[in-house]
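Colleague: Residues per chain are reported as follows:
Protein chains: 4
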Amino acid sequence: MTSIVRSEQALYQTLFALAQHYPIAYEWLKRLPDWLTAVKNKDRYAHAPFYQSVVDKLPPIAPTAVYLDEACVRAEVAFDDSEYRRSRALLANLMPWRKGGFIIGRDDRTIHIDTEWRSDLKWERVLPHISDLTGRRVLDVGGGSGYHGFRMVGAGASTVVVIDPSCLFYHQFMAIRHFLGELGNRFGQSPIHFIPVGLEELPQDTRQAGLFHTVFCMGVLYHRASPFECLAQLKAQLAHGGELVLETLVVAGDENTVLVPQDRYAMMNNVYFLPSVAALTVWLKKAGFVDIRCVDVNITTTDEQRATDWMTYHSLGDFLDSDDNSKTVEGYPRPMRAVMVCKRP
Amino acid sequence: MTSIVRSEQALYQTLFALAQHYPIAYEWLKRLPDWLTAVKNKDRYAHAPFYQSVVDKLPPIAPTAVYLDEACVRAEVAFDDSEYRRSRALLANLMPWRKGGFIIGRDDRTIHIDTEWRSDLKWERVLPHISDLTGRRVLDVGGGSGYHGFRMVGAGASTVVVIDPSCLFYHQFMAIRHFLGELGNRFGQSPIHFIPVGLEELPQDTRQAGLFHTVFCMGVLYHRASPFECLAQLKAQLAHGGELVLETLVVAGDENTVLVPQDRYAMMNNVYFLPSVAALTVWLKKAGFVDIRCVDVNITTTDEQRATDWMTYHSLGDFLDSDDNSKTVEGYPRPMRAVMVCKRP
Amino acid sequence: MTSIVRSEQALYQTLFALAQHYPIAYEWLKRLPDWLTAVKNKDRYAHAPFYQSVVDKLPPIAPTAVYLDEACVRAEVAFDDSEYRRSRALLANLMPWRKGGFIIGRDDRTIHIDTEWRSDLKWERVLPHISDLTGRRVLDVGGGSGYHGFRMVGAGASTVVVIDPSCLFYHQFMAIRHFLGELGNRFGQSPIHFIPVGLEELPQDTRQAGLFHTVFCMGVLYHRASPFECLAQLKAQLAHGGELVLETLVVAGDENTVLVPQDRYAMMNNVYFLPSVAALTVWLKKAGFVDIRCVDVNITTTDEQRATDWMTYHSLGDFLDSDDNSKTVEGYPRPMRAVMVCKRP
Amino acid sequence: MTSIVRSEQALYQTLFALAQHYPIAYEWLKRLPDWLTAVKNKDRYAHAPFYQSVVDKLPPIAPTAVYLDEACVRAEVAFDDSEYRRSRALLANLMPWRKGGFIIGRDDRTIHIDTEWRSDLKWERVLPHISDLTGRRVLDVGGGSGYHGFRMVGAGASTVVVIDPSCLFYHQFMAIRHFLGELGNRFGQSPIHFIPVGLEELPQDTRQAGLFHTVFCMGVLYHRASPFECLAQLKAQLAHGGELVLETLVVAGDENTVLVPQDRYAMMNNVYFLPSVAALTVWLKKAGFVDIRCVDVNITTTDEQRATDWMTYHSLGDFLDSDDNSKTVEGYPRPMRAVMVCKRP
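Chains as they are written, first to last, in the UniProt record's numbering: chain U, 1 to 345; chain P, 1 to 345; chain S, 1 to 345; chain R, 1 to 345.
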């Protein structure tokens, strides 16, 4: 059984177990076959067979130790030289790597996947401000390669579901997952799963609460044409009393300040609403959240987001005005991100 | 055959004729039975049978003249005294009347439906700035009782389709339509139709242009949680080169000013985005419209919107702060409305 | 407006009028666009554009008289020589013609479409035994070119709907319909319509009675893999007390005699159940019909079914064993057809 | 985890494992939640909660031995007296028991569920004539309490799926399954599963072969209004070269003999086609099966089907004419059953 198949089987078991207590999980089970087959459909994702073959070729070695509470997610693996070289080359085939980093190996046979984002910096800013994750079921919306999801497990979450519609990120997750070995929680089940699907496709039932105690949504809201629909979807995934951790691009200003870039923003397409923290607070209230706090506002720097050997495209440095790096190339304020924490009543 | 049945039959004929040239009209035809039966469903609309009986009881008199280019839509009808009294009582059963006004009758047997809005004032502000409606197919989104739709016919439109999901407005339209008689256009078909449906339910096909040369959307956008979806839906209804006439609540401010009321605005529920004219202009560009002009900005006064004998509820005067009528009771800027005109390329 | 468009428009009007009293007709209206566009879809019917062009090119001449109560459906048309030649050639483009015959023209410019079947013989055998069609709504299932449908109008039916999924038969009907002119019934509407659809696709609602006073189903049942589903569908189309006229292939035998040809029967594919009259009577009872009568049993002869100039393929003569014409080429009993008449309670 | 939940989980694992090689199994996975929740829906099945509570209350004892190759499916269970009495009473709550028998217990604490049918007699008549079940995936359509399914496991099948839409039979299966313990096949998975669903709801894909090497369909065909649709559905479940074992009621006669009872047959409702063996052979050929053999014809006796303490309603003896037991009470030939074996090419 390949790593991917083992992961998918664990996902079935987890959802089936949830369905015994939360009928909404049956709705997840119904959709799961389509979600899992879509990401393997080469008509839809031309690179899917290649990515899958990359993961399947990774050497079948169990880690000697796993660390999910360090800056890099790390699997101590006793590679021989051939395995080391092969693994390194295979992982490079899954470039560009955006969220991380990851360390696989040991001693002088260590692969350090130095990702575009030093995602640990964001995690360090967020973690002190949120409810203790111990024993919680957590959803990470738009979770990329799963870096933050692994950190959530490291912080005690009993079950983490990472969703992201990207075929590449799905396979990056599966590659990292491959080297992390069993990871079993107290029920012997894998504590972390990746579903290649977007938030808007998840089951919602207004008559039932959601499955999760904590929902993370970082770097997603500004890509949504309808922020209120996005907030409603996030709320629907939360159990009553559950916590939303929302990170998005913001601008300076008062309750009535919202930037909508006419075209691109920092060279990104599909950027819609960039509210001020004050405006975002109003939106969260309007969407029905309570106990709303802004726990961090941070201007992204090139220490945190930059091109590396594992992500060689343009990165933040190229998105800023070369004459005035307080502005993007389009002349908008340079990226600033806020983290909001709030609860579903 | 009742007035309502005659209207519905005319709608079928119009859509069928359109379908010969524009296949998207077949999609309208498919949905039409559900649209027409929904508005008669008493489980959904408790008052539907009553409203329908009101329309059915109107005396079957043809008008001696019809005027669609005056401040009030007017049907000169030679009522006898009994017919006059009965018609007046029946029309009063369809209160509250919001958009108008309407004049039915003649001499001292004249019914003047003095509506909450003097909708002629808005029409006079808009008409000089838009493309000549002569011979155009026009859609009026959220058209209420159809007042503006009748004025569009008066301004030369060959076919006007008014849509509004309100069961009451549907029957108000049918009551007025009853007294207007044949109105046949050069093809002998009725030039005006009412479909009780919301914009979001209309057929859309990104591979086909829409059916309409001009689309009006007045007083709708601020009620939509997702303004960009609303703009995309409006665009989809337009033929290439067609014109959008968009009226919505705005606030003073620059490109980055958008008011989102946390709860109610001027005592209205479900109010979302109130942009500045500058911000709205950016949104229209982002949505793919061109030739964007703001042709009117107007602070609504109690001359234009007020309680009358035909709308006795609270009106604008009650929605403003009694100490400072530059503000709403919630403390927001008092209602200001802009009219934007732009084109689908 | 072409003949086909005019026919379709008349169909919309008829169904819309029915829907005022019988809500099930709204279900027909919803499906009508798909039915009408399917038959024009050249991906589905390669010949559809050609057939349509044939009908569209027929000369626009009104008949001087129309006869629907003679052996041939006849339109007296005063062709000039060019029109006569052109019409004849165009109609020949719609070969093979199976059900008829038809006579179009006058004097020495008369086109006699001598069809494979002399369908008048069957009609003469059936008509004396069924309820008077005067003023009835009638459905003809599998009605081919519409010959019997025209005869039903001739026998007084107020509305006839012919259904048949064949694209060719649809256009044959439209070609004949073209020459028959107005035909208006007392409501000024066309009394006959063709819908290119199979019985199994018609709307059914077990909570509502069907639309028709008489349903004809001739030459269809033996092609159905599930005769009981077919009988249930026919029943669903009937009003309470309505009459079914069912003609199908039968064999000699008792209540327990049913022939199921292993492969082909008389060179036809897709032949399933050929019961005896006694067995068929049991089936009709089981299906819930009452007042069941067998009104005709007839061994098809080469007088009634034969190759002609308008149907040059193999016909009955070729389907029989050349040494023993009491048998088909496959060795089964030669075709024998029974007509059953019964009622929905 | 209850027995039922454990069974359902095993079913998920089996289907998931199949899906890795046979994509059609994903279609089963998609429908599985609806199938499993339907049978627990008390609006649909008033007794479902009661039946489920019966199964849940069975004492949690592992068997000391299990025998699936004897006349009765037998679990040797070391009951204490209280467990014995309780189990006996609970199992009696799931009456009437039709297919069996079953023996649960040991020595003088043995429960013998003496079912209406001595299903072992049929099994003995069938088994010698079919392909060796060793290592095969088997579907049992209309499998009742699962008796034959357990015997299939006893005969070596690697995976057996029993389907039957009956809520009672589902819970009878679960009760028996409860006492049979692990039963793990070489993959450690349960070799037998019950899905509460009818044949017609199973996924079919004409582009893919079915999942099963052998399909049993015993006592179902005569209840189907459309035997050819039933045969097509059975064929669709078979892999190429797979074997169908079909048992149904037959009558004496030649290729053209088919009895269709007008109303009831042996006091059963919903009985449609009873062909002769010769006619049934033609049907199987027509449906595309090959290597068709009739391996058994048997007149059901009161030794095989009779009322017992576990099925106290009327049974065969009551369904026959008391004066002439060669006939049913309705006067038809008394029940005779044939077993046909054939292959999908």
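Just so you know, these hints were derived from the structure itself, not from any lab. Don't take every hint at face value.
Stated by the list, open to error - Straight-line alpha carbon distances no greater than 30 angstroms define the calculated DSS-like cross-link-like pairs of lysine-lysine that follow: (1) 343(S) <-> 286(S); (2) 327(R) <-> 286(S); (3) 30(S) <-> 40(S); (4) 343(R) <-> 286(R); (5) 343(U) <-> 285(U); (6) 42(R) <-> 40(U); (7) 40(P) <-> 327(S); (8) 343(U) <-> 327(U); (9) 57(S) <-> 42(S); (10) 286(R) <-> 327(S); (11) 343(S) <-> 285(S); (12) 42(P) <-> 30(S); (13) 42(S) <-> 30(P); (14) 30(P) <-> 30(S); (15) 343(S) <-> 30(S); (16) 343(P) <-> 327(P); (17) 30(P) <-> 286(S); (18) 285(S) <-> 42(R); (19) 30(U) <-> 327(R); (20) 286(U) <-> 30(P); (21) 285(U) <-> 42(P); (22) 286(R) <-> 286(S); (23) 285(R) <-> 286(S); (24) 286(P) <-> 286(U).
Colleague: Hint by hint, say whether it matches the structure.
Modeller: So, going through the hints one by one against the coordinates:
1. 343(S) <-> 286(S): holds (13 angstroms)
2. 327(R) <-> 286(S): Within the cut-off at roughly 21 angstroms; holds.
3. 30(S) <-> 40(S): Holds: residue 30(S) and residue 40(S) sit about 18 angstroms apart, inside 30 angstroms.
4. 343(R) <-> 286(R): Judged against 30 angstroms, a Cα distance of about 13 angstroms means the pair holds.
5. 343(U) <-> 285(U): holds (10 angstroms)
6. 42(R) <-> 40(U): Not satisfied, since the Cα-Cα distance of roughly 39 angstroms exceeds 30 angstroms.
7. 40(P) <-> 327(S): violated (60 angstroms)
8. 343(U) <-> 327(U): violated (34 angstroms)
9. 57(S) <-> 42(S): holds (19 angstroms)
10. 286(R) <-> 327(S): holds (21 angstroms)
11. 343(S) <-> 285(S): holds (10 angstroms)
12. 42(P) <-> 30(S): Given pair residue 42(P), residue 30(S) holds - Cα atoms ~21 angstroms apart, limit 30 angstroms.
13. 42(S) <-> 30(P): holds (21 angstroms)
14. 30(P) <-> 30(S): holds (4 angstroms)
15. 343(S) <-> 30(S): holds (29 angstroms)
16. 343(P) <-> 327(P): violated (34 angstroms)
17. 30(P) <-> 286(S): violated (36 angstroms)
18. 285(S) <-> 42(R): Violated, at roughly 36 angstroms.
19. 30(U) <-> 327(R): With a Cα-Cα distance of about 50 angstroms, the restraint between residue 30(U) and residue 327(R) is violated, given a limit of 30 angstroms.
20. 286(U) <-> 30(P): With Cα atoms ~37 angstroms apart, residue 286(U) and residue 30(P) exceed 30 angstroms; violated.
21. 285(U) <-> 42(P): violated (36 angstroms)
22. 286(R) <-> 286(S): holds (25 angstroms)
23. 285(R) <-> 286(S): Holds, because 27 angstroms separates the two Cα atoms, which is no more than 30 angstroms.
24. 286(P) <-> 286(U): Given that 30 angstroms is the threshold and the Cα spacing comes to 25 angstroms, the pair holds.
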